[in-house]
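*Asks:* Chains as they are written, first to last, in the working numbering: chain A, 1 to 148; chain B, 149 to 296; chain C, 297 to 444.
For the record, the hints were derived by calculation from the structure and aren't laboratory data. Note that CB positions come from ideal geometry on N, CA and C, so glycine has one too. Treat the hints with care, as some may be off.
Stretches of chain A that chain C covers, calculated by requiring three or more beta carbons in the stretch to come under 8 Å of a beta carbon on chain C [as the list claims (entries may be wrong)]:
1. 6-13
2. 16-26
3. 41-55
4. 73-84
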Amino acid sequence: MSNFFETVDPTIFRSYIFWSAVLGLKMLVMSILTGMKRQAKKAFANPEDAPKGVKPVTNDPDVERIRRAHLNDLENILPFFVIAFLYLFTNPSVLVATNLFRAVAVARIVHTLVYAVFVIPQPARGLAWMVGYFSTGYMAVTTILAFL
Amino acid sequence: MSNFFETVDPTIFRSYIFWSAVLGLKMLVMSILTGMKRQAKKAFANPEDAPKGVKPVTNDPDVERIRRAHLNDLENILPFFVIAFLYLFTNPSVLVATNLFRAVAVARIVHTLVYAVFVIPQPARGLAWMVGYFSTGYMAVTTILAFL
Amino acid sequence: MSNFFETVDPTIFRSYIFWSAVLGLKMLVMSILTGMKRQAKKAFANPEDAPKGVKPVTNDPDVERIRRAHLNDLENILPFFVIAFLYLFTNPSVLVATNLFRAVAVARIVHTLVYAVFVIPQPARGLAWMVGYFSTGYMAVTTILAFL
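Only chain A is shown next, with the shape it has when bound in the complex (with noise of 0.2 Å):
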């Protein structure tokens, strides 16, 4: 059997590479939003971290609302890098994928701002939430198919 990995489409590995990093900085960027919000908020998890005299701070709810959207990250962005990788042995549509790639980039992106930026009413967050997630469900279930 000649090379498994020459079966990848460019076109869809360029896109898988492209939306990957951008939600890889995306997620980077967050541990930056938390910081400047424990600093504004004098709210530091270490006593190492804190000025003399202030005692360490983690139940302070604007950081804690950052640190559950970094959380949310890393359940479902760490997940699609590796699902959205495996999809691409599926010989998938050029289309789909590349539309798959992005839909789950973009969705990601306003999760965080309606999560942890700009806070809007649900069903934004939930919304957003959805559309990567079932993206991604949609890249796994067609790969454990395809490898049956």
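With chain A fixed as given, assemble chains B and C onto it according to the hints.
*Replies:* Same frame as chain A, now just chains B and C:
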């Protein structure tokens, strides 16, 4: 030197793709379990998620149990995805590699079942965790030694 | 177009595999550190883990410190695995790429040591975090620009 990716055995790679997609889907299911439990216990982490007049709850023991199982997945399955992928390039035996992937996948599904779905006394969860942990650790050490 | 994966330099790929496996193993070690500290402090998160009559504890400061270090790994090392892999396809210089991987690996090991093993006053942890963070961020931006 010719293409590095050509060295991966297709049978092992197919096994990696299949079991990783299964574990990816399993991880996604955790979000549904958490959401259902939050609904059943009326324990919503965000004020905008709760019905009017219901205060946010972040310490419901049943919700927290599922969240601990989910976090344990992030700590164990996500490194598995990467370590097992790297291990593909160590030219492992087909029998060993495919059974390691299968063992981790089955162990992590059992781990979720006994942790978050039907709570079973120890050592059920500990044993399931150990199978996944030491299989992944073995692949990490093998890879480090192969590329030293 | 010929195989996309052929474009990756074998020296860089070997370096990626080695340092990623080292960081994967480092992450796995965090679970052992947490378990040992839970045992030493009798601070078990689940009732089924604790000896009879010992109540679950989820706010022991020493256990929580290791868990914060572990979560910081999930937030930084897991995106590194993906971003560095994508960066392989940007045709980087061997010298730059291999030193970036080495820098992230060493920085993250130092980060764990000064955060969770021997607690050292700031800015030790902040500096270690920054080396890993900005190296990964650089790779993400480089990849986005290369595949725009």
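*Asks:* Each hint: holds or not?
*Replies:* Do the hints match the structure? See the list:
no., hint, result
1, 6-13, "holds (count 4)"
2, 16-26, "holds (count 7)"
3, 41-55, "holds (count 4)"
4, 73-84, "holds (count 3)"
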